[in-house]
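Residue numbers (our numbering), protein chains in the order written: chain A, 30 to 140; chain B, 30 to 140; chain C, 30 to 140.
Calculated from the structure, these hints are not laboratory results. Backbone N, C-alpha and C fix where the C-beta goes; we use that ideal spot for every residue, glycine too. There may be inaccurate statements among the hints.
What the hints assert, rightly or not - A short, non-exhaustive set of chain A residues, derived as facing chain C with CB atoms under 8 Å:
| hint | residue |
| --- | --- |
| 1 | Phe65 |
| 2 | Val68 |
| 3 | Pro69 |
| 4 | Ala127 |
| 5 | Trp128 |
Claimed, not checked - Here chain A is said to cover these stretches of chain B; the calculated rule only asks that three of the stretch's residues, wherever they fall, bring their Cβ under 8 Å from a Cβ of chain A:
| hint | stretch |
| --- | --- |
| 6 | 54–65 |
| 7 | 122–128 |
Residues per chain, in single letters:
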Amino acid sequence: MSETSLVLMKKVEIIVKGEDLHNIEQLLVKANVSGFTIVPNVSGRGHHGIHEGHLLFNDMHTLDMLITVVPEPLVDPILAGLGVLFERHPGVVFVSDAWVTRKHYFETFGE
Amino acid sequence: MSETSLVLMKKVEIIVKGEDLHNIEQLLVKANVSGFTIVPNVSGRGHHGIHEGHLLFNDMHTLDMLITVVPEPLVDPILAGLGVLFERHPGVVFVSDAWVTRKHYFETFGE
Amino acid sequence: MSETSLVLMKKVEIIVKGEDLHNIEQLLVKANVSGFTIVPNVSGRGHHGIHEGHLLFNDMHTLDMLITVVPEPLVDPILAGLGVLFERHPGVVFVSDAWVTRKHYFETFGE
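Here chain A stands alone, though its shape is the one from the complex (with noise of 0.2 Å):
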């Protein structure tokens, strides 16, 4: 790959309740992430699943699973935020390394 022309970022994918999907936008936004994709409709399973006295994932509950990448700096904020939700809210999020196109990224996202 050229890497003159990638720039390497932080994707960024949370997987929650519908009911909860709107908190997470709203902390996504306050942490400055300028957009991001939702895959709804998935199905979480988990036979460990107990977490503060109720199934985490009921089995084949439906989910939303949100993707956003973003510069490594907001990831903390972004993780801080999610921390805090999730002693509530059940959830889970991965994060791993992503490369957008540096023009791509730059126009699109305003940046």
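Assemble chains B and C onto chain A, guided by the hints.
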């Protein structure tokens, strides 16, 4: 990112026919995977899709994508199991790095 | 993970309007991509979404996500093609590392 709060894991993404989903779930539970997410009704397309005499994925065949994030030592057993399964059932698997929050991971997945 | 059995590839995730999916598929086939997966009906949201005078993604616009895993040399041609397409059609692309099983990859995708 705060290295202290994040744990490196492996994300395993498996794409199979819906009728084979149950086999995959059994395989994951047997490999001690504590939870996973299913993205239903994805479509697979391939133009090199011949495998043992039948199309690997028919164009636009309806498939399911199963996503799980596991400790690295679980990857080999999962791939070994999938290897056997994929001898007779079409499917693909991708493995990538993903970070989870330590607190969240240990609380959520109970390990 | 067994390094011997896994091959490093690049995962390319493309998010576009459904009406542009066909163009993307043509581009991928032309770039010698042997297969891909479509996650239909994802939603895009962005609050910096102005590009050439129109909203990049309307709030909750219905989009499709296309996922393909390719050898690294295919990434640049794909990004070049997308660059041209994205001049007139909204979309995003993320590139990340992904490993596939050697045996599986060569058998499945026929290369």
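When the structure is checked against the list of hints, which entries are broken? Sort them ascending. Nothing - there is no hint that the structure violates, so all of them hold.
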